[in-house]
Amino acid sequence: MHVPDGFLDAPTSLATGAVAVAGVSLALRGARRELDDRIAPVAGLVATFVFAGQMINFPVGAGTSGHLLGGALAAVLAGPFTAVLCLSVVLLVQALFMADGGITALGTNITLMGLVGVFVGWLVFRGLRAVLPKRVSMVPPAAAVAALLSVPAAAGVFTLLFAVGGTAPIDTSTLLAAMLAWHTVIGLGEAAITGLVVASVVAVRPDLVHGARPLLTAHTLEIRPTVAP
Amino acid sequence: MTTGNRSRTFLVTGLLVALLVAGVASYYASSHPDGLEYVAERTGFGGTAEDSPAADGPLADYQTEGVDDPRLSGGIAGVLGALTVLLLGGGLFWLLRRREESGDDAPADRA
Chain D
1191 MHVPDGFLDA PTSLATGAVA VAGVSLALRG ARRELDDRIA PVAGLVATFV FAGQMINFPV
1251 GAGTSGHLLG GALAAVLAGP FTAVLCLSVV LLVQALFMAD GGITALGTNI TLMGLVGVFV
1311 GWLVFRGLRA VLPKRVSMVP PAAAVAALLS VPAAAGVFTL LFAVGGTAPI DTSTLLAAML
1371 AWHTVIGLGE AAITGLVVAS VVAVRPDLVH GARPLLTAHT LEIRPTVAP
Chain G
104 MTTGNRSRTF LVTGLLVALL VAGVASYYAS SHPDGLEYVA ERTGFGGTAE DSPAADGPLA
164 DYQTEGVDDP RLSGGIAGVL GALTVLLLGG GLFWLLRRRE ESGDDAPADR A
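First to last, the sequence lines map onto chains D and G.
According to my numbering, the residues represented by the first sequence are 1191 to 1419, in order.
According to my numbering, the residues represented by the second sequence are 104 to 214, in order.
Think of the hints as simulated: they come from the structure by calculation, not from any bench.
It is possible that some hints are incorrect.
Okay, the calculated beta carbon distance ranges per label pair [unchecked claim]:
1) Leu198/G x Val1321/D: 34 to 40 Å
2) Asp1199/D x Arg201/G: 38 to 44 Å
3) Ala1212/D x Asn108/G: 37 to 43 Å
4) Asp171/G x Val1394/D: 36 to 42 Å
5) Glu168/G x Ala1200/D: 28 to 34 Å
6) Arg201/G x Ala1367/D: 41 to 47 Å
7) Ala1371/D x Val127/G: 42 to 48 Å
8) Ser133/G x Ala1320/D: 33 to 39 Å
Every residue gets a Cβ at the ideal spot worked out from N, C-alpha and C, and that includes glycine.
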């Protein structure tokens, strides 16, 4: 869903640029709390993996494809603030070096995939984690559902931006219906990849999964007295 | 020490997987337009897309300039892009991280 230059007019691109700057500044502060000596290299790996994952376009029918956005994945693995930075670095490298996503559209792409994708993904994940049984095995399915919803959410916000500052006169409800329909199907792919990757990491190193840590802490506190002395 | 080795194994394995995805598996990715491009074409604003100022770069469109073999060209671009993200992201996160003050909590990890 990389927005190229030219889709949105200059004022809208400037506005999303400002939103992106504000969001990344907040994330730079918040990420300090999520990162330590142990997690920082893992977070670098998460960003690298999101870049790699975004290269894999999967067919979704009718000559259309989709690819991982990675917002929910990065948020569950590395924490939401770090995830915003992961996606921003990925989008920056893509825009500057791969010509994937426009330069004036970089703020728009960070807003859509970095902020909306991560925020919605993390919010849904937190909501599910709160209501599901407090078990680590619930983390991958919760991450998958979060991933599924994060994609149409980003598509919906794009439609909103296009309604405000699109450079072509397109009927908003037609655009919204098409964007939501296709991106819900793409969201299924996002959910599958996210669930699979989170499940793999949870299986080998649950302690490195940000979204699983509160569930592990409860567990560790329970067994520690019998191990410590 | 064992925690450090375990973390290192995890990181190295993860990086290998990421580089294989970017450098090898990406060749098999679908070349159909993605959801946004498709919807843009169908609803009639696909033509408003402009070429990125970065479109003439040596790695533009995930192809390496001067490398003719498509598999190699895409693979090199994918790996270089992934390593750039690793360098920038990893560097940023390393700078941002909380420094351990007492050195009590996980000293063996980065030994």
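Hints and how they fare:
no.: 1; hint: Leu198/G x Val1321/D: 34 to 40 Å; in the structure: holds (37 Å)
no.: 2; hint: Asp1199/D x Arg201/G: 38 to 44 Å; in the structure: holds (42 Å)
no.: 3; hint: Ala1212/D x Asn108/G: 37 to 43 Å; in the structure: holds (41 Å)
no.: 4; hint: Asp171/G x Val1394/D: 36 to 42 Å; in the structure: holds (40 Å)
no.: 5; hint: Glu168/G x Ala1200/D: 28 to 34 Å; in the structure: holds (30 Å)
no.: 6; hint: Arg201/G x Ala1367/D: 41 to 47 Å; in the structure: holds (46 Å)
no.: 7; hint: Ala1371/D x Val127/G: 42 to 48 Å; in the structure: violated (32 Å)
no.: 8; hint: Ser133/G x Ala1320/D: 33 to 39 Å; in the structure: holds (37 Å)
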